[in-house]
Amino acid sequence: MAEHPVVSLDEAEDATLADRAADGDMRSFEVLVRRYGPLMRATATRILGGSAESDDVVQDAFVVAWQQLDRLDDGAAVRGWIMRIVSNKSVDRLRARREHADIDDHDPVAPVEHSPDRVAETRSQEEALSSALSELPEPQRQCWVLKEIAGYSYEEIAEQLDLPTSTVRGLLARARKALTREMEAWR
Amino acid sequence: MPGTDALSADLTTLVRSVPGVTTVYDAGSSIGRALGKVADLVSGRRGDTAPILVKDPSAGITVSVSIGVADAASAAEVCRRVHDAIAEHLAARGEAASEIAVQVSSIG
Amino acid sequence: MKRSKKPITPASATGAADYSGDEPEGLDGHTIEELNDYLDDDRTPARESIDNSPGCQIALAALERLRGLTLTLLDRDVLAEPARDDTWVSSILENLGREVHAGRDIPIRHDDTAARLTITEGAVRGLIRSAGDGVHGVVMGRCRLGGDVTELGEPVTVNVDAAVIWGHPLPDAADRVRRAVQAELRRHTELNLAAIDVTIHDVHAPRAGGTR
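Protein chains in written order, with the numbering used here: chain P, 1 to 187; chain E, 188 to 295; chain H, 296 to 507.
Be aware that a few hints might be false.
[Said to hold, decoys possible] In the SDA-like style, the derived pairs of lysine to any residue whose C-alpha atoms are separated by at most 20 Å in a straight line are:
no.: 1; chain 1: P; residue 1: Lys147; chain 2: H; residue 2: Leu368
no.: 2; chain 1: E; residue 1: Lys242; chain 2: H; residue 2: Ala409
no.: 3; chain 1: P; residue 1: Lys147; chain 2: H; residue 2: Thr326
no.: 4; chain 1: P; residue 1: Lys147; chain 2: H; residue 2: Glu359
no.: 5; chain 1: E; residue 1: Lys242; chain 2: H; residue 2: Thr408
no.: 6; chain 1: P; residue 1: Lys147; chain 2: H; residue 2: Asn331
no.: 7; chain 1: P; residue 1: Lys147; chain 2: H; residue 2: Asp372
no.: 8; chain 1: P; residue 1: Lys147; chain 2: H; residue 2: Glu328
no.: 9; chain 1: P; residue 1: Lys147; chain 2: P; residue 2: Pro137
no.: 10; chain 1: P; residue 1: Lys147; chain 2: H; residue 2: Thr408
no.: 11; chain 1: P; residue 1: Lys147; chain 2: H; residue 2: Asp336
no.: 12; chain 1: P; residue 1: Lys147; chain 2: H; residue 2: Gly363
no.: 13; chain 1: P; residue 1: Lys147; chain 2: H; residue 2: Thr367
no.: 14; chain 1: P; residue 1: Lys147; chain 2: H; residue 2: Arg411
no.: 15; chain 1: E; residue 1: Lys242; chain 2: H; residue 2: Arg411
no.: 16; chain 1: P; residue 1: Lys147; chain 2: H; residue 2: Tyr333
no.: 17; chain 1: P; residue 1: Lys147; chain 2: H; residue 2: Ala490
no.: 18; chain 1: E; residue 1: Lys242; chain 2: E; residue 2: His276
no.: 19; chain 1: P; residue 1: Lys147; chain 2: H; residue 2: Thr365
no.: 20; chain 1: P; residue 1: Lys147; chain 2: H; residue 2: Ala409
no.: 21; chain 1: P; residue 1: Lys147; chain 2: H; residue 2: Leu358
no.: 22; chain 1: P; residue 1: Lys147; chain 2: H; residue 2: Arg371
no.: 23; chain 1: P; residue 1: Lys147; chain 2: H; residue 2: Leu334
no.: 24; chain 1: P; residue 1: Lys147; chain 2: H; residue 2: Leu366
[Stated by the list, open to error] Cβ-Cβ distance ranges computed for the label pairs, FRET-style:
no.: 25; chain 1: P; residue 1: Glu155; chain 2: H; residue 2: Thr367; range: 21 to 31 Å
no.: 26; chain 1: H; residue 1: Arg362; chain 2: P; residue 2: Ser51; range: 43 to 53 Å
no.: 27; chain 1: H; residue 1: Arg481; chain 2: P; residue 2: Asp73; range: 27 to 37 Å
no.: 28; chain 1: P; residue 1: Glu127; chain 2: E; residue 2: Arg203; range: 53 to 63 Å
no.: 29; chain 1: H; residue 1: Ala378; chain 2: P; residue 2: Asp74; range: 30 to 40 Å
no.: 30; chain 1: P; residue 1: Arg98; chain 2: H; residue 2: Glu328; range: 49 to 59 Å
no.: 31; chain 1: H; residue 1: Pro340; chain 2: P; residue 2: Ala77; range: 30 to 40 Å
[Said to hold, decoys possible] Far from chain H by the CB rule (all over 12 Å, computed), these chain E residues:
no.: 32; residue: Leu194
no.: 33; residue: Leu201
no.: 34; residue: Arg203
no.: 35; residue: Ala260
no.: 36; residue: Ala283
To be clear, the hints were calculated from the coordinates, so they are not data collected in a lab.
Where is the CB? At the ideal position from N, CA and C, for every residue including glycine.
Please model the complete structure; the sequences and the hints are all you need to start from.
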């Protein structure tokens, strides 16, 4: 039938792909899947604190995106829109975990002590951050990731995690302090 | 129902052979508009679902099928051809359908 | 479980901010949260008490380092992911409902009263996209069918967006798209086409690496 477009869909802009996918073009949606799948998986993993459920969450997010793309007014905003979907799905999983466990989330877990020897083991500042994040008490880690990685506002975090906004602020402040302390120790 | 299952299988083979038909989709997920998965019987996936929905209520046989057609043919023409092929097949068995629904879901 | 006071780290031994308590000392009465908000505000308006505090300056520098690392964290995560084959893509695509964007049923004529023949709106949009994509230099965008497409003979308006690669004359591209779309719709459907409106909504340069 038609010749191949001179511009490959692989190189098409987000807005074009989003518009076409909203009309049912699965080839365009596939390009979006390839383009943002890895970033979505990384985001899910960061929010969940591990990768075991990331693939599931990303798949759920793409199903929702496919269904609701025609409601997205500005196709150019599809990246942020799809990241928000996967972030929300990830938080849904966190909430589901909480309902099954019996943890009092406001009890901080004492972080592991760091000695200078430990400093030598770390290969880079980047890994130091990852490591420090994984050692934060879970409520602090969640708040920090949602704010700094997923771009949620204080109010949105409060709503998603079902906490008072003041608690969220407090958890974030403690997370920031803990991370800064750990990162400075590794300089 | 055994009778309609056999008829459904026969009709599927028949429809696939109509010139211009590239795919026979799972009728349950397209005519019914449910959010289902694609049953692409050309590729052999999901062979356990009924490709062509055949109901046999007292009012008469109804047939529903969803197809993909090749770009080279006219979709409207292929659609009519599929309908006629089904109607002829039933007539040859001494039956008539109270409704034959053919839906083109993809072109090219 | 109580949090114990942490030992003084090497950094604080040199007189820098001590993070060991609930609020670091050496910040001259300020809190880490204040300093973070100050950074959010791009240090504007300037606050003398912060700017003149060595402890605060050190803490601000530390917060900025943390920010820098944070900004690139996800990108590094992506780079660090092990290589995967394509099955993750196909399993995602298989899970999508094909009917989600099928749209309305567009009728096709048949003399037999028992016949109910239709083409989905989604199939027609796909047709229109392919027709426009075939025009050199064009990538089709959004497509709308206006009017009651479910009634045979009702006038229908087609509205499409298209992006054109820089360098191709715009009026010519719109005409070509219109003609291609009309030809395909006439061949495959029985729509009563009242109008085909083509909007060139974007003109962009081909990406580096050239064209196919």
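Exercise for review: Can you let me know if the beta-carbon spacing of Glu127 (chain P) and Arg203 (chain E) is within 53 to 63 Å?
Suggested key: At roughly 56 Å between Cβ atoms, Arg203 (chain E) and Glu127 (chain P) fall inside 53 to 63 Å, so the hint holds.
Practice item. With 49 to 59 Å as the target window, see if Arg98 (chain P) and Glu328 (chain H) comply at their CB atoms. Key: 26 Å, violated
Practice item. For the pair we were handed, Lys147 (chain P) and Tyr333 (chain H), check the Cα-Cα distance against 20 Å. Key: With a Cα-Cα distance of about 17 Å, the restraint between Lys147 (chain P) and Tyr333 (chain H) holds, given a limit of 20 Å.
Check your understanding: CA of Lys242 (chain E) to CA of Ala409 (chain H), is that 20 Å or under?
Key -> Judged against 20 Å, a Cα distance of about 14 Å means the pair holds.
**Study point:** Straight-line alpha-carbon gap Lys147 (chain P) to Asp372 (chain H), limit 20 Å
**Key:** 17 Å, holds
Check your understanding: Is the Cα-Cα distance between Lys147 (chain P) and Ala490 (chain H) 20 Å or less?
Key -> Not OK: Lys147 (chain P) and Ala490 (chain H) at ~49 Å, beyond 20 Å, violated.
Review point. Taking 12 Å as the cut and beta carbons as the points, is Leu201 (chain E) off the interface with chain H?
Key: The claim stands: Leu201 (chain E) keeps its Cβ more than 12 Å from every Cβ of chain H (closest is about 16 Å).
Review point. Does 27 to 37 Å hold as the CB distance between Arg481 (chain H) and Asp73 (chain P), or does it fail?
Key: Since Arg481 (chain H) and Asp73 (chain P) have Cβ atoms about 32 Å apart, the given range 27 to 37 Å holds.
Check your understanding: Is Lys147 (chain P) close enough to Asn331 (chain H), meaning Cα to Cα at most 20 Å?
Key -> 13 Å, holds
**Study point:** Restraint check for Lys147 (chain P) with Leu358 (chain H), where alpha carbons must lie at most 20 Å apart
**Key:** It holds: about 15 Å lies between the C-alpha atoms, which stays within 20 Å.
Exercise for review: Assess, step by step, whether the Cα of Lys147 (chain P) is no farther than 20 Å from the Cα of Glu359 (chain H), and give holds or violated.
Suggested key: 16 Å, holds
**Study point:** Distance restraint between Lys147 (chain P) and Thr326 (chain H), which requires alpha-carbon spacing of 20 Å or less
**Key:** 19 Å, holds
Of the hints listed earlier, those the structure fails to meet are numbers 10, 14, 17, 20, 26, 30, 35 and 36, in rising order.
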